[in-house]
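A.B. asks: In case it helps, mature numbering (1 follows the signal peptide of the UniProt record, and there is no 0) puts the sequence shown at residues -21 to -1, 1 to 220.
Hints listed in this document are in silico derivations from the structure and should not be mistaken for laboratory results. Check each hint, because a few of them may be wrong.
[Stated by the list, open to error] Simulated pairs of lysine-lysine, DSS-like, Cα-Cα distance not exceeding 27 Å:
#1 K107 with K165
#2 K165 with K131
#3 K131 with K9
#4 K9 with K189
#5 K9 with K159
#6 K216 with K196
#7 K9 with K196
#8 K196 with K58
#9 K159 with K108
#10 K189 with K4
#11 K131 with K108
#12 K36 with K216
#13 K159 with K122
#14 K4 with K58
#15 K58 with K36
#16 K9 with K165
#17 K36 with K220
#18 K4 with K196
#19 K99 with K131
#20 K99 with K165
#21 K220 with K99
#22 K36 with K4
#23 K165 with K108
#24 K9 with K58
#25 K216 with K199
#26 K216 with K159
#27 K107 with K159
[As the list claims (entries may be wrong)] What follows is a set of in silico ranges between Cβ atoms, one per label pair, in the way DEER data are often shown:
#28 N119 with S75: 12 to 22 Å
#29 T209 with F10: 20 to 30 Å
#30 Q168 with G100: 15 to 25 Å
#31 A215 with L171: 14 to 24 Å
#32 N180 with L53: 11 to 21 Å
#33 K189 with N138: 32 to 42 Å
#34 N72 with A46: 21 to 31 Å
#35 N39 with E128: 45 to 55 Å
Here the structure is a predicted model, which means the values were calculated and not measured. Just so it is clear, CB atoms sit at the ideal spot from N, CA and C, and this is done for glycine as well.
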Amino acid sequence: MKLIRHIIFFTLLMSSICAFSTTVKVGVVKFLPPFSSVDTSNHYFGFCIDLLNEVCKRINETCEYIAIAPQSILDELEKGAVDISLTSTPISNELSTEFIFSIPYMTSNGQFITNNSNIKGLPDLQNKKIGVMSESNLENVIKLYTSDENIKEYTQLNNLIADLADNSIDAALLNANIVKYLMNNKLTQAQLVGNPVTLGNGYGILALNKNAALINKVNKALLEIENDGTYETIYAKYFGK
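Just need the whole structure built from these sequences, with the hints factored in.
C.D. replies: In structure tokens form, the structure reads like this:
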């Protein structure tokens, strides 16, 4: 009889633990420094990973990171391969009502940079060859300054920086936070061109609308992280003060 009571107690205990701590499958781009990267041991790291680890801790969930391609985010969410996903494009109102974004966790402003000493300001970008990361949703901004044939897209940030350094491209438009990361870590000698370009409504975490309850918990955690100074600590680790 005592054994049965122990078995019942253990079963109820495990059920309680499972009820309060589950696994959330998080879609991330495999190599998008400084936001997300993975090492040979399948250990994910980066700004977004640190932030999401903190979010999951506060909502009492376990994060399981799953590598997905930027162009397949919506498909992976619809298939149920992931519950939530980071995105490489800003929050948009153009998605169907099937999807829902969290509140923004980072600004989506763009910043032009150059190694060309003849480019002093935004007007000097006219008809210049400009690099941009594919899937970044920044191409339309560049078209205000140069023609389609002068826009070069990259899938790897290091290739863009290398081409900028040897003047294969005249300038680049990147997320302003990536520019901070590059400059704070002395990964480029490029100079800023003009002020940041206001773009979009920031970056958010994307989910299917049926997971709105999960997004609500994420939103609450993000606000807590911002209000208690944790966000500033995580941000400064990658982008400086």
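A.B. asks: Are the hints correct? Go through all of them and say.
C.D. replies: Verification of the supplied hints:
1. K107 with K165: 25 Å, holds
2. K165 with K131: Holds, at roughly 24 Å.
3. K131 with K9: The hint holds at about 22 Å.
4. K9 with K189: The hint holds at about 26 Å.
5. K9 with K159: 21 Å, holds
6. K216 with K196: 25 Å, holds
7. K9 with K196: Holds: K9 and K196 sit about 25 Å apart, inside 27 Å.
8. K196 with K58: Distance of about 22 Å is within 27 Å: holds.
9. K159 with K108: Cα-Cα ~22 Å, so holds.
10. K189 with K4: 15 Å, holds
11. K131 with K108: At roughly 7 Å apart (the allowed maximum being 27 Å), K108 and K131 satisfy the hint.
12. K36 with K216: Holds, at roughly 19 Å.
13. K159 with K122: Measuring from Cα to Cα gives roughly 24 Å; hence the hint holds.
14. K4 with K58: The hint holds at about 12 Å.
15. K58 with K36: The hint holds at about 26 Å.
16. K9 with K165: 23 Å, holds
17. K36 with K220: Since the Cα atoms of K36 and K220 sit roughly 25 Å apart, the hinted pair holds (cutoff 27 Å).
18. K4 with K196: 15 Å, holds
19. K99 with K131: Given pair K99, K131 holds - Cα atoms ~21 Å apart, limit 27 Å.
20. K99 with K165: 21 Å, holds
21. K220 with K99: 26 Å, holds
22. K36 with K4: 14 Å, holds
23. K165 with K108: 24 Å, holds
24. K9 with K58: Judged against 27 Å, a Cα distance of about 19 Å means the pair holds.
25. K216 with K199: OK: K216 and K199 at ~23 Å, within 27 Å.
26. K216 with K159: 11 Å, holds
27. K107 with K159: Given pair K107, K159 holds - Cα atoms ~23 Å apart, limit 27 Å.
28. N119 with S75: 12 to 22 Å: At 21 Å between Cβs, range holds.
29. T209 with F10: 20 to 30 Å: 26 Å, holds
30. Q168 with G100: 15 to 25 Å: 19 Å, holds
31. A215 with L171: 14 to 24 Å: For A215 and L171 the Cβ distance comes to about 20 Å; the hint holds.
32. N180 with L53: 11 to 21 Å: 18 Å, holds
33. K189 with N138: 32 to 42 Å: 39 Å, holds
34. N72 with A46: 21 to 31 Å: 28 Å, holds
35. N39 with E128: 45 to 55 Å: 52 Å Cβ-Cβ, so the 45 to 55 Å window holds.
In this structure, every one of the numbered hints holds.
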